[in-house]
Amino acid sequence: MFGWEFPPHNSGGLGTACYGLARSLSSANVSITFVLPKKLEGLDHDFLKIIFANIRNIKFRGVGTLIHPYVTSDLYDEYLRTTPEAELYGLNLFDEVRRYGLQARIIAAEEHYDVIHAHDWLSFRAGIEAKRVSGKPLIVHVHATEFDRTAGHPNQYIYDEERRGLHAADCIITVSQHTKNIITEHYGVSENKVMVVHNGIDHAAHHHALPHALGHIRAKGKKIVLFVGRLTIQKGPDYFVKVAKRVLEFNPNVLFIISGSGDMEYQTIRLAADLGLGDKIVFAGFVRGDELLKLYRAADLFVMPSVSEPFGLTALEALANGTPILVSKQSGVSEVLTHALKSDFWDIDDMADKILNVVQSKGLHDTLGELGSKDVEHMTWESAAGKCTEIYRKLLA
Amino acid sequence: MASICFYFQVHQPYRIKKYRIFDVGHDHHYFNDHSDRDINNEKILHKVATKCYLPMNKVLLELLEKHPEFKVAFSFSGVFLDQLEEFSPETLASFQKLVKTGRVEILDETYYHSLAFLYSKKEFVRQVELHRTKVKKLFGVTPSTFRNTELVYNNELAKFVEGMGYKAILAEGADHILGWRSPNFVYKAPNTTKIKTLLKNYRLSDDIAFRFSSRSWAEWPLTSEKFAHWVDAVNGNGNVVNLFMDYETFGEHQWEDTGIFDFMRALPREVLKHPDNDFVTPSEAAKRYPVVGEFDAHAFVSWADIERDLSAWLSNSMQHEAIGNLYALEGDVMASGDPAIIEDWSRLQTSDHFYYMCTKWFADGDVHKYFNPYDTPYEAFISYNNVLHDLRFRIEEAKTKKTTVKRPRATKKKSAEKKMTKSAAPVKKIVKKVSAKKVIVKKKK
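Residue numbers (this note's numbering), protein chains in the order written: chain A, 31 to 427; chain B, 404 to 848.
Hints should not be assumed to be uniformly reliable.
Computed cross-link-like contacts, DSS-like style, restricted to lysine-lysine with a CA-CA straight-line distance of at most 27 angstroms [said to hold, decoys possible]:
no.: 1; chain 1: A; residue 1: K324; chain 2: A; residue 2: K392
no.: 2; chain 1: B; residue 1: K525; chain 2: B; residue 2: K802
no.: 3; chain 1: B; residue 1: K540; chain 2: B; residue 2: K503
no.: 4; chain 1: B; residue 1: K676; chain 2: B; residue 2: K629
no.: 5; chain 1: A; residue 1: K272; chain 2: B; residue 2: K421
no.: 6; chain 1: A; residue 1: K272; chain 2: A; residue 2: K359
no.: 7; chain 1: B; residue 1: K500; chain 2: B; residue 2: K446
no.: 8; chain 1: B; residue 1: K539; chain 2: A; residue 2: K404
no.: 9; chain 1: A; residue 1: K359; chain 2: B; residue 2: K454
no.: 10; chain 1: A; residue 1: K272; chain 2: A; residue 2: K310
no.: 11; chain 1: A; residue 1: K275; chain 2: B; residue 2: K421
no.: 12; chain 1: A; residue 1: K275; chain 2: A; residue 2: K324
no.: 13; chain 1: B; residue 1: K503; chain 2: B; residue 2: K525
no.: 14; chain 1: A; residue 1: K223; chain 2: A; residue 2: K166
no.: 15; chain 1: B; residue 1: K676; chain 2: B; residue 2: K540
no.: 16; chain 1: B; residue 1: K570; chain 2: B; residue 2: K421
no.: 17; chain 1: B; residue 1: K421; chain 2: A; residue 2: K359
no.: 18; chain 1: B; residue 1: K454; chain 2: B; residue 2: K525
no.: 19; chain 1: B; residue 1: K763; chain 2: A; residue 2: K392
no.: 20; chain 1: A; residue 1: K392; chain 2: B; residue 2: K421
Simulated from the structure, these hints should not be mistaken for lab results.
Only chain A is shown next, with the shape it has when bound in the complex:
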């Protein structure tokens, strides 16, 4: 299995998904060698073997179009801050992807395996190289496409990389029908090569008791509406701010919290300020672990106004914590959840209408919360892993 990030070194759903899937696969007696591009500390998992391609001198050049949402993790931010300027020049993300591929060739020749499973475009090249060396079947797993990340304005290089991986693959897994549609529409891939395996959630990780957060705000009768996600064009933080404006026109008693970081952070803060919402929208920064869980639980409603969302794990997380959700119809989760509010991401009025109703009606809030958290119970990594092993079996038959 080739990946790019792994918890706790993850910036988004990709790492969480790889972790959840790999763990459940190993419980299903699939032995996994997980390859990551670079040595990371704190990755001690007994259920799989982790190999680091150990690319030396990884450099990431944060200039212009090369900064890419999905890889602008805090890890790379850290690099940007600490690496001397001189070393950044000449090398960029694409070199890194290429080197990862070269290293993969060596690793692929040394390891024993039956199938190759590569997650997202950053590791597609590594997967292709491994296939070339071993002749084993290649599965590429699409957690997001360039069309999602850029809201329809793809970077040509990345698009080409994705396309190459998709066409080289023996089978493609997408995390939703939504993503499958994008792939068949934009990448010239035949529909019957693509299998949909919806993501799951580790329920046990969301049910432990935690002290209540934001009690002082709730005590004043304020309602809390939460956004969690990278602040990038894909996630629609600007729509969230616009919806907040509309809601506050009717009900000033609502506090909006934005948790996450990303290249639209300053733009989003500025938009909030321009709309005069400085004290109505709180920017909580990137939050993880129990802090994030507390945030979910303190919220009256979780909103995910993504412009294009392959899946949307945060929505499952909110539900697992008993918080009702409003998700955009342009998302993978909206396919699998029944007890969720759904709007088009651009329909500010529709979202505002729903938010206002949830914060004003206990009946609506409670019904969505209770049934939503039941609804999410069937979304497990075990079930996702089961579908993957089925695909492995078919490829090997």
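Given chain A, work out where chain B should sit, using these hints.
Using the frame of chain A, we list chain B on its own:
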């Protein structure tokens, strides 16, 4: 002797259009969707009239003309009759033609197909009286049998309706109350003396209403001969087989190509082949057959879902909140004296609104989803909730109007006015006058 007692429920709600919170205070028309969606009331009425009401009325008229023994009963909700007058007078005329044969009985129900009995006895009485007036006006008859919305029934209701002068009341022949006993006899509630309770034979009724076209059913295809045999089998251990169902069964739930019309066309002939069989209306059944035992319904029973309880309308907290908020407005609505406010508030009582908010079977895509014109129960709730906001807004507006108009002369008459609003009786009279007026206005349309 085995009698067949057919009763068909005919009802269409005024569905609420997509009504957003931003419409509150601006748009006071809640039921006028003109889109292609299934919340367009006029569209739905025309569709069902074409597929069901008109062709089935034709079948029934033929049968009534052909078989002097054939009889049926209808219960029309008031809001259905309103929509016929508004959208399809032709269909109303065809129902009137059936009633004119003298062998079609009409039952009384709440005008707005509501759950008022659970929330306000006063409102319940107002609606039953409105219904009786409407039936008298359109069909020239006065019903003596009562059926409550969705066969929602308990002992208290039976007693209450007895007090209103009805001779018979309908209920679901629920197994958990009947036990080993058969629904094919006439029963009574333990606390009543005169009123008789007729119980739906849900097996035979559902064979027609639900299973008729089901190919996975062992008895498929259901022929009229076969069905008549099942009825014959009741001879000797039952008096009356109550076949209660939605009229939309014919042509709408069971499409014409299932053969449902042919089945009905042939059924009376097959039933009457056995000399001991005949047809009765509910009031005839109650008159003819003695009470054999008590049907003791402490809790409410209904004909909905497998639970046969109130859960289709009142199981999640959205439904409870919505209906609670609605009835909390009763006093203010009536005090407003504004016919438009009263009418809209009344239409919001129709049980279908709460049915659309039901989440019980939502995930399974079951019948609730089939019968739900909204995308989700949540959409249904949100439009409803927003409409309630607007209604409150109008009530407040009406209050301020009243006080501003009356203020100049207030000093002298103040005490008299206070009395008026305090005592309940005069308010009731005003309401009655208003509703009578409303009826006349509608006739002119």
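Q: Take a quick look at whether K570/B and K421/B sit within 27 angstroms of each other, Cα to Cα.
A: The given pair, whose Cα atoms are some 42 angstroms apart, is violated under the 27 angstroms limit.
Q. Given the hinted pair K272/A and K310/A, is their alpha-carbon gap at most 27 angstroms?
A. This hinted pair holds, its Cα atoms lying about 12 angstroms apart.
Q. Can the restraint linking K539/B and K404/A be considered satisfied, given a maximum Cα separation of 27 angstroms?
A. Violated: K539/B and K404/A sit about 50 angstroms apart, past 27 angstroms.
Q.
K272/A and K359/A were given as a pair; does the straight-line alpha-carbon distance stay at or below 27 angstroms?
A. Cα-Cα ~18 angstroms, so holds.
Q.
Just to be careful, I want the Cα atoms of K359/A and K454/B compared with a cutoff of 27 angstroms; is the pair within it?
A. Roughly 34 angstroms separates the two Cα atoms, so the pair is violated.
Q. Given the proposed pairing of K324/A with K392/A, does the C-alpha separation stay at or below 27 angstroms?
A. holds, 20 angstroms
Q: Starting from K676/B, check that the Cα of K540/B is at most 27 angstroms away, please.
A: violated, 38 angstroms
Q. Holds or violated: K272/A with K421/B, Cα cutoff 27 angstroms?
A. Between K272/A and K421/B the Cα gap is close to 22 angstroms, so the pair holds against 27 angstroms.
Q. Taken at face value, is the distance from the CA of K525/B to the CA of K454/B at most 27 angstroms?
A. Violated - the C-alpha atoms of K525/B and K454/B are around 37 angstroms apart, more than 27 angstroms.
Q) Between K500/B and K446/B, does the CA-CA distance stay at or below 27 angstroms? A) The given pair, whose Cα atoms are some 24 angstroms apart, holds under the 27 angstroms limit.
Q) Does the alpha-carbon distance linking K503/B and K525/B stay inside the 27 angstroms limit? A) violated, 33 angstroms
Q: Decide if the proposed pair is consistent with the structure: K540/B and K503/B, CA atoms, cutoff 27 angstroms inclusive.
A: With Cα atoms ~13 angstroms apart, K540/B and K503/B stay inside 27 angstroms; holds.
The earlier numbered hints that this structure contradicts are 8, 9, 13, 15, 16, 18.
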